[in-house]
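Make a model of the complete structure from these sequences and hints.
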Amino acid sequence: MNDRANDRTSSRLRQRLPFTLSDAGILIWIAAIGLFLSLASPQFFAKANFVNILSQSAVIGILSVGMTLVIISGNDGIDLSVGSIVGISSVTMALVLFPDDAAGIVGAADLLLAAGIALAVGALCGVINGIMIAYVGLPPFIATLAMMTAARGVAAFVSSGRPTYGLPPAIVFLGQGRLFGIPFPVVIMVMLALAVFVVLRVTTFGMRIYAIGGNIRTAFLSGIQVKKIQLAIYTLNGLIAGIAAIVLSGRVNQAHPEAGMTYEMYTIGAVVIGGTSLMGGKGGVIGSVFGAILMAEVQNGINLLDIPVAFMRPILGILIITAVVIDQWQKRRNSGD
Amino acid sequence: MVKKGILIVMMVLLFCGTLAAAAQEEKSSDVPEVAVVVKTLTGDVFQLKLAESARDRAIELGANAVIYQAGGQTAVQKMVSIIEDLIVKQVDIILISPLDAKAVVPAFKQAKEAGITIVCMDNYAEGDDYLTFVSTDNYAAAAMAADYAKEVLNGSGNVLVVEGAPGSAVGDDRKNGFKENVVKGSSIEVVGSQSGYWANDKAMEATENMLQANPDVDLIFSCSDVMVGGILEAVKLAGRENEIKIISFDGSRDGVQLILDGKIIADVAQFPTKVGAIAAETAIGVWNGSLNANDVPDFIDAGAELVTAENAEEMLKVAF
Amino acid sequence: MHMNLQITAVRKISRMLGIWLWVIVFSLLFSLLSPYYLSFLNFVNIAKQTSIFGIMAIGMTLVIITGGIDLSVGSIVSFSSAVFGVVWASTQNTLLSIGAALAVGLLFGLLNGYLVGYVKLPPFIATFGTMGICAGFAFALTTDSIGGFTSRFETLGNGTFLRLPVPLFVLIAVALIMHYLLKHTVLGLRIYAVGGSEAAAVLSGVNQSRIKLLVYAVNGLLASLAAVIICARIRSAYPGIGDGFELTVIASTVIGGTVMSGGYGKIAFAVGGAFFVAMIQNIFNLLGIYPFMQNIILGVFIVAAVLASKMQEKKSTAAGI
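From first to last, the protein sequence lines stand for chains A, B and C.
First residue of the first sequence? That's 1 in the working numbering, and the numbers climb one at a time after it.
First residue of the second sequence? That's 1001 in the working numbering, and the numbers climb one at a time after it.
First residue of the third sequence? That's 2001 in the working numbering, and the numbers climb one at a time after it.
None of these hints come from the bench; they were simulated from the model.
Just so we're clear, the structure is a prediction, and the values are computed from it rather than from any experiment.
Don't be surprised by glycine CBs; every beta carbon is placed ideally from N, CA and C.
One should not assume that every hint holds.
So, partial list: chain C residues that the calculated Cβ filter (under 10 Å) puts toward chain B [to be verified]:
(1) Leu-2033
(2) Ile-2146
(3) Ala-2232
(4) Ala-2237
Take a look at the structure:
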């Protein structure tokens, strides 16, 4: 009984702080690995390299913002389809930009239309996910697995399997441009994360997401329209995957039917490393973004140190397990267990 | 209950109707049934063109031809299942780009026992259960790129290599063909070599990180055009476009266009449409008896050509 | 009254057959679509392809019944294959290689079980971690495929006994053992209890941690058994062979009616789920459906199949059972 009361006060306290304890924990991780890499590789500690890491983390970081919402809402909430949504949004955008398969000059109106349609396609996939999960009652894992398969098929179909190289400068700017020296994808990631952070902490919508994740039955009994909120969450996640698609396409200056392949796994990894619990009801977007940065840092270190690429996934796997174990250990200690 | 039953029956029928409508061909008995099996058709224009040209040439020669894909660079198990299903379907000819040289061998053996003629395209397989292997000689073609690199660098400098996916025989041939020949008789040094996984974004990250590790780089060799876009973006973002020359491999339309745009200096062109067409012609020739199987060599080189600014204009017309 | 009785009977049969009902219905329809579908040779084919995913789906069913999930099985297949190949290459000893491959599965299964049961990590995280570890280690061990296995070993994957494929007998043996374990032993009851209501299981004195350890270990072991069969089937060891298998296996299991939140699942239906997935792929190939369409149809099909098995279950609960 006492434990539970303690837990409640501490989580209330945490909700007031802009950063949770896990966020601080992951910053320490980032710093520790950074320190190690600085000692191990002379190229690591440089402004240009930090910019590298940040821009490499941006796409996964953006995706992890949406995924955090899904996972916080609990009840086995997960979205395996984000990688495929990135692919389908990317090629639909290219199709709108270059309907006749030849890259050329594109007007501003077409550009807005194309970007809008990329977002709409992402959101539409999200709506379908949401309906299957909230209204049809499929497990999220299965519903989004089906979407992952089908969306990849549609992406191949729409593009006839061909990537489109050479996108309009405006889109390339979204992926490569800089604002006061900061890569634009990073700007988008940070703005998006802050916006969702505010939504989660201040609005009733945000509180309801936590409530559903905490205990869906209680949430339902207290009058929350659970299904509508779930639909909204998956839709939002699809929309955010659409944003990630535009940024990724701009960054590599290409719309590719296989864009975003396996990104769902890295995204879920970032969210979990960032301290969001898969059980739902707990966590936040700031941690997830740090999680994405941490993964990019490790990848960067592996490349700089010339470690065989095969070790990337094991290192990531060990990192994820260790991060969660330490997180649990901290929580247990905090609650005086 | 009854309503639900009707609904289910309708869904089932709709599904089967879709399947029947989506089926690619009608069967007739006196022309050869050709199955074209490739790794993937998405995002890999080489495999796409290879598959399409093999299918189209087979149809021109009067055969029925259908394309199958394993659906991924590691989908070995799926490819084996496809071959097994094709044996049941009693096809006459399989034109295939194997995902792995060893893994398809037992399936090939079963297919041969069932009287199916197999031709390998682009990737070879072990054993002798297939008729012939049609491909670019990747090692020799990459050596052409190495020779050109020595010429433009005047025999000295630092180069980076962006490799294909780990374990890919084609990727290894290109990597080795370039690396081993570029250092031969020159003072060129390969200062970095990492996998770009045949993917743009992965190639971009690998290049960014290799550039970070090596302040002095003169030339980058990309093992495929599918990665050169990412490499270019990485070089551009590092602000080193003027000091670093790039040579790529494949000779795709995008790659040759990059030469014309002055973004890369050369591209080793291979000819997937030739590979596909030769494979179809050879297999159908043996099937209808106009070719003697014993006269077909074990390896047919479809040729490769170095594309530079001099011949890019005309190569663009034939590029895939 | 008479009508009601009939409906109850239909429901009963539908519930008894589970996914196999749909296997039969679609088999009949497919035989109209392709003359090759309903042949002995094709049955052998589908059975061969089912065996591998069926064995893995059985293990996954145990895990999901306890309310867990195992994302690492595909990577365990890859790593076990790689170990099999490397051990073979250095010893030329088939039995030793099989032993080493199975040991890998058992070891990582135990690791999963320990992390889930004792360290209390969420199953998704623990197995997500080991998935990365195994996938990477497989390629670290060998980037190339390793071949040269004996033709006697190949029988395990491609041989036939009584005209039926050998792997099918392995599948049947595993299914029978696991069915007996689940339905006729105290341990089986406890496995269901852990997933049905963990709190109740604790109260009734079931050692949850130990049962989870066991279930994940068995799952890992079965994954490596599947790996050995694949090695025999392709007569080589390929370090990326299991890529993405976990998704097919989980889909098969859930199509077979196993409930993802735990507490319910049947071995025979899990095998049926694997058969169903294999026969869909098979008809795609027999009809020569254009590859891009396959993905779209398959996605729709996963949803439809899970819905169908959900509906069958609902009917039975509505019938007051």
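Just to be careful: measuring from the Cβ of Leu-2033 of chain C to every Cβ in chain B, is the smallest value less than 10 Å?
With a minimum Cβ separation of about 6 Å from chain B (threshold 10 Å), the hint on Leu-2033 of chain C holds.
Residue hint Ala-2232 of chain C, partner chain B, criterion CB-CB below 10 Å
Constraint on Ala-2232 of chain C satisfied, holds at 9 Å.
Go through the hint on Ile-2146 of chain C and say holds or violated, using the shortest Cβ distance to chain B against 10 Å.
holds, 8 Å
Once the shortest beta carbon distance from Ala-2237 of chain C to chain B is found, is it less than 10 Å?
Constraint on Ala-2237 of chain C satisfied, holds at 9 Å.
Hint compliance for this structure: every hint is met.
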